[in-house]
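For the protein sequence lines, the chains are A and B, in the order given.
Following the working numbering, the numbering of the first sequence begins with 1 at its first residue and continues without gaps.
Following the working numbering, the numbering of the second sequence begins with 1001 at its first residue and continues without gaps.
Treat the hints with care, as some may be off.
[What the hints assert, rightly or not] To be clear about the criterion: a stretch of chain B counts as covered by chain A if any three or more of its residues have a C-beta under 8 Å from a C-beta of chain A, and this derived list gives those stretches:
1. 1051-1063
2. 1081-1087
3. 1099-1109
4. 1157-1170
[As the list claims (entries may be wrong)] List time: in silico SDA-like cross-link candidates among lysine to any residue, alpha-carbon distance up to 25 Å:
5. A:K101 <-> B:L1057
6. B:K1003 <-> B:S1101
7. A:K54 <-> A:P37
8. A:K165 <-> B:K1120
9. A:K101 <-> B:V1058
10. B:K1143 <-> A:I278
11. A:K279 <-> B:L1057
12. A:K165 <-> B:K1003
13. B:K1017 <-> A:N169
14. A:K33 <-> A:P55
15. B:K1143 <-> A:S170
16. A:K101 <-> B:I1115
17. A:K279 <-> B:T1144
18. B:K1143 <-> A:M188
19. B:K1120 <-> A:T185
20. A:K165 <-> B:A1100
The hints are simulated quantities; they were obtained by calculation from the structure and are not laboratory data.
Where a beta carbon is used, it is the ideal one built from N, C-alpha and C, also for glycine.
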Amino acid sequence: MKVLTEKGIYRLLMIIALSAIAMLLLIVLFILKEGLPFIFITGIRDFLLSSEWKPAAGKFGIFPMLVGSLWVTLGAMIVGVPLGLAGAVFISEFIPRWAMKIIKPTIELLAGIPSVVYGFIGVMVLAPLIRDYFGGPGLSIAAGAIILGIMILPTILSISIDSIKAVPNSYREGAFALGATHWQTIHMVVIPAARSGIVAGIILGLGRAIGETMAVIMVVGNAVKLPGSAFDSVRTLTANIALEMGYATGKHREALFATGVVLLVIIMVLNYFAASAIKRGVKK
Amino acid sequence: MDKNKYIINNLNVFWNKAQVLRSIDIQVPSHKILGIIGPSGSGKTVFLRSLNRMNDLVPEIRVEGQILLDGEDIYHPECDAVSIRKRVGMVFALPVPLPASIYDNVIFNPGLSGIRDHKKLDLLVEKSLKSAFLWDEVKDRLKTSAMRLSGGQQQRLCLARVLAMEPEVILLDEPCSGLDPISTAAIEDALRILKDTYTIILVTNNTKQAARVADNTAFFLMNEMVEYGPTEQIFTVPGDKRTNDYITGRFG
């Protein structure tokens, strides 16, 4: 009897676990099925590298969106990575334990703020500031980069803090005993030892930045053109799908799914790098 | 040669409110090996870590009293803990190689001081590893990770790393506690030679090790120093009954 229950529970758990995997697989398959034929018919080069996106005329080139996503994400990294790294080092190495117990949950709470709120702040506060000081429409790469940079901070910070905290104290003592100063200990021993975790945090933040849609739609202006400067308006891949999916049919709809395929590939490659960075850290 | 390297007057150490060392007075002659024996929890390690201000890293610990290194008060507010740690190297109970190559581990401190000359570093690495009796085992794989060495080799690497710093004093905190007899013998051999150049303070749980290598021995018990004298005297005619009980294995 007991063996039967054991087996029953085992089976039940397995079905639940497999169905989660199956759902993920189905989603991926569906996107591929809808998007891949379009890519092959149009040709990968024409689809990725043509600058003309005119659904009404049957022209589907996502190059401007690809560039837009790239710039906004790169900008978010420029804003988020130094802040995240410096913040993680400061929080995990310099402040007393009781203060960390307050600060770390606060940072993690940042991740829980809905992206539409970030976008709203971007539209109401950041975009006018950029318009006033740097010219241009305000809704721009710069605005998107700053908002996204802030949005990915919690990811980078909390993973980096965890990996810095996981560096054995004996490493720090060893370095101190060899006459290293606190800063030398941090940048010669602690950060290298925590590097794989920090890299994983940055890559996950990167993935979040590329995938973010709502806040980005609100602050980047969404113009389909190649940007001339950081204060120009762009459209990202995610925004492209979200903006046009409501009315797209036929070829247009397939083109949007194909855009999804491109995003999917980018995210999968990033996750692969994040996972292998984490694995490298474990092996050491 | 008979000069005192350390003069310690009325050293009291507190962990929060508990006193973990009670009025220690001791003079450590230079170019000798001082062995410190005593059961775990008797305050040996805290004492050792007071000597190079490693206790600074533990906010709960407070040190009172005077520790003079060559006549200089190392707890004086103007004294720089980092420069003290460069003069007083330390080897821990558990070997803690940094996650880098053998070579990089040895040159960690010289690298801090900004030495970049490869020839000089190569020579230093060879000399330090030789003094730590490790050179022959690793000379062909200096660039491989130090984490791949065995425990005994790692501990000798840690010793080599300290030697490359060219300190004046070497503190060893139970350096052989996790090692096999052969590795232990290798470290003891190294210490006997090194004392010509350095002053060595060796904390050990292994009473026999103190008898083998130490010139002077101090016995710590219950946060106090019970007895201190030439090793021979401590092990043959101890002045205190507790010392006698401990070294003959009646307790501890």
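Hint check results:
1. 1051-1063: Contact hint for the region 1051-1063 of chain B vs chain A: holds, 4 residues under 8 Å.
2. 1081-1087: Three-residue rule met by the region 1081-1087 of chain B, so holds; n is 4.
3. 1099-1109: holds (count 4)
4. 1157-1170: holds (count 4)
5. A:K101 <-> B:L1057: holds, 20 Å
6. B:K1003 <-> B:S1101: At roughly 38 Å apart (the allowed maximum being 25 Å), S1101 of chain B and K1003 of chain B break the hint.
7. A:K54 <-> A:P37: holds, 19 Å
8. A:K165 <-> B:K1120: Distance of about 36 Å is beyond 25 Å: violated.
9. A:K101 <-> B:V1058: holds, 19 Å
10. B:K1143 <-> A:I278: Holds: K1143 of chain B and I278 of chain A sit about 23 Å apart, inside 25 Å.
11. A:K279 <-> B:L1057: violated, 31 Å
12. A:K165 <-> B:K1003: violated, 44 Å
13. B:K1017 <-> A:N169: holds, 24 Å
14. A:K33 <-> A:P55: This hinted pair holds, its Cα atoms lying about 20 Å apart.
15. B:K1143 <-> A:S170: Cα-Cα ~22 Å, so holds.
16. A:K101 <-> B:I1115: Between K101 of chain A and I1115 of chain B the Cα gap is close to 40 Å, so the pair fails against 25 Å, i.e. violated.
17. A:K279 <-> B:T1144: holds, 20 Å
18. B:K1143 <-> A:M188: With a Cα-Cα distance of about 17 Å, the restraint between K1143 of chain B and M188 of chain A holds, given a limit of 25 Å.
19. B:K1120 <-> A:T185: Given that 25 Å is the threshold and the Cα spacing comes to 23 Å, the pair holds.
20. A:K165 <-> B:A1100: holds, 19 Å
Checked against the numbered hints listed earlier, the structure breaks hints 6, 8, 11, 12, 16; every other hint is satisfied.
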